[in-house]
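Student: Can you build the whole structure from these sequences, using the hints too?
2 protein chains.
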Amino acid sequence: MAEIEMGQNLKSLNDAIAQANRSGFQKHHVFVLDIMGSPGSGKTTLLENILPVLTKELRIFVIEGDLATQNDAERIRKTGVKAAQINTNGACHLDARMIQSEIEQLDLSAIDLLIIENVGNLVCPISYDLGEDLRLVILSTPEGEDKPLKYPPAMLHTDAVVITKTDLAPYVDVNIETMKTYIHQINPKVQILEVGKCNGIYAANAVITYLEEKIAARKG
Amino acid sequence: MAEIEMGQNLKSLNDAIAQANRSGFQKHHVFVLDIMGSPGSGKTTLLENILPVLTKELRIFVIEGDLATQNDAERIRKTGVKAAQINTNGACHLDARMIQSEIEQLDLSAIDLLIIENVGNLVCPISYDLGEDLRLVILSTPEGEDKPLKYPPAMLHTDAVVITKTDLAPYVDVNIETMKTYIHQINPKVQILEVGKCNGIYAANAVITYLEEKIAARKG
Numbered sequence: 022m023a024e025i026e027m028g029q030n031l032k033s034l035n036d037a038i039a040q041a042n043r044s045g046f047q048k049h050h051v052f053v054l055d056i057m058g059s060p061g062s063g064k065t066t067l068l069e070n071i072l073p074v075l076t077k078e079l080r081i082f083v084i085e086g087d088l089a090t091q092n093d094a095e096r097i098r099k100t101g102v103k104a105a106q107i108n109t110n111g112a113c114h115l116d117a118r119m120i121q122s123e124i125e126q127l128d129l130s131a132i133d134l135l136i137i138e139n140v141g142n143l144v145c146p147i148s149y150d151l152g153e154d155l156r157l158v159i160l161s162t163p164e165g166e167d168k169p170l171k172y173p174p175a176m177l178h179t180d181a182v183v184i185t186k187t188d189l190a191p192y193v194d195v196n197i198e199t200m201k202t203y204i205h206q207i208n209p210k211v212q213i214l215e216v217g218k219c220n221g222i223y224a225a226n227a228v229i230t231y232l233e234e235k236i237a238a239r240k241g
Numbered sequence: 022m023a024e025i026e027m028g029q030n031l032k033s034l035n036d037a038i039a040q041a042n043r044s045g046f047q048k049h050h051v052f053v054l055d056i057m058g059s060p061g062s063g064k065t066t067l068l069e070n071i072l073p074v075l076t077k078e079l080r081i082f083v084i085e086g087d088l089a090t091q092n093d094a095e096r097i098r099k100t101g102v103k104a105a106q107i108n109t110n111g112a113c114h115l116d117a118r119m120i121q122s123e124i125e126q127l128d129l130s131a132i133d134l135l136i137i138e139n140v141g142n143l144v145c146p147i148s149y150d151l152g153e154d155l156r157l158v159i160l161s162t163p164e165g166e167d168k169p170l171k172y173p174p175a176m177l178h179t180d181a182v183v184i185t186k187t188d189l190a191p192y193v194d195v196n197i198e199t200m201k202t203y204i205h206q207i208n209p210k211v212q213i214l215e216v217g218k219c220n221g222i223y224a225a226n227a228v229i230t231y232l233e234e235k236i237a238a239r240k241g
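Chains as they are written, first to last, in my numbering: chain A, 22 to 241; chain B, 22 to 241.
Fair warning: there could be bad hints in the mix.
Which copy? The list can't say, so a pair holds if one copy fits it or any two copies do.
[Stated by the list, open to error] Calculated lysine-lysine pairs in the BS3-like style (CA-CA distance at most 30 Å, straight line):
1. K201 - K218
2. K77 - K235
3. K99 - K235
4. K99 - K201
5. K99 - K210
6. K235 - K201
7. K218 - K103
8. K218 - K48
9. K201 - K48
10. K32 - K99
11. K48 - K32
Source of the hints: derived by calculation from the structure; they are not laboratory data.
Tutor: Written as structure tokens, this is what we have:
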């Protein structure tokens, strides 16, 4: 019983800080995106491919979350977009306080779009509000078409599911239509977007258009 | 401070139950394997391929851990091996008490090898002792060659790392030798095993031989 109360207290504390983060973002008109998914699902690769387009219209900053290494922040900086790296030293998700500490060092009035790439994990990050406006859950075809059924919270608590590595589907015996059916079985309302290499080029138009629409809707 | 103490108390409680599980296993000469890795890394597929061989010599039982669904236990039963499914209903790992509840329903004297397939997660399961003799961490090539550096605890607290889907490496721009170098950079002593499709056949000999040796060493 004590365990449950402690869990609820920590959750309430996180939610309160997330709400404070959200107020700060709204005050400065910063749109905040939280990207979640398993290790290697293709979160950073997706960013590498959408940032060069999005950065033409928007002032973007990326916060990368990982247990260890600066690898992902370095990958993002190579696209010309500024990035910071949070190392959780073992924790399986980012929390609102980590984001709070990070944004205290930023000039939010100089940012239109803040992208948070969470720790690679299909379970833990889902239950932590960071103060974001929009969530994307990334699911790659090599993970297998039954994963939506096995990880329901990730399908339920997101605005969109991005299926990545669609070009690998035939090599990993995955039927993308079946994967989509399973996603909608858990969450009939969630938007599904598909990205992958097409004739050697990474095609991420679906995600770019989706984000542009969501950001425009928020402004309008 | 209260949070940390609570965490340590829960950890101590888990370790005490794990130790009780271990005593029960030793009393009945049950060798216990804990398999961990990300969603879709190929844990169940590995089992589907090694069980038909191992079951010729050993009486095996498999415990499957997942947030939801009975899918994996059903896949295991199709190989002719008995299996039970634990649904964690949101928890990102199995704990020693879940295993304790499960083994209370089993006749341990009729089991030589108990295999526990943990919840798909490269972070949470690592810090929970279940009472096992041996740990395997599964890492698939589509997850990317840098993952050992980004998830050090998973590399440190295992007996062996199994690289799966080696046949997909060229399609996902992964150099297996680099991946192995990174694994050994974090844990120079860990054993690395490789499995994947070879001419259309899933080759898992490395894992079968490794397990047979470990089980024989324990008996001898």
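Student: Now tell me, hint by hint, if it's right for this structure.
Tutor: Hints, verified against the model:
no., hint, verdict
1, K201 - K218, "both (19 Å within a copy, 26 Å between copies)"
2, K77 - K235, "within (17 Å within a copy, 57 Å between copies)"
3, K99 - K235, "within (26 Å within a copy, 46 Å between copies)"
4, K99 - K201, "between (33 Å within a copy, 26 Å between copies)"
5, K99 - K210, "neither (36 Å within a copy, 34 Å between copies)"
6, K235 - K201, "within (22 Å within a copy, 42 Å between copies)"
7, K218 - K103, "within (26 Å within a copy, 41 Å between copies)"
8, K218 - K48, "neither (38 Å within a copy, 54 Å between copies)"
9, K201 - K48, "neither (37 Å within a copy, 48 Å between copies)"
10, K32 - K99, "neither (36 Å within a copy, 41 Å between copies)"
11, K48 - K32, "within (24 Å within a copy, 42 Å between copies)"
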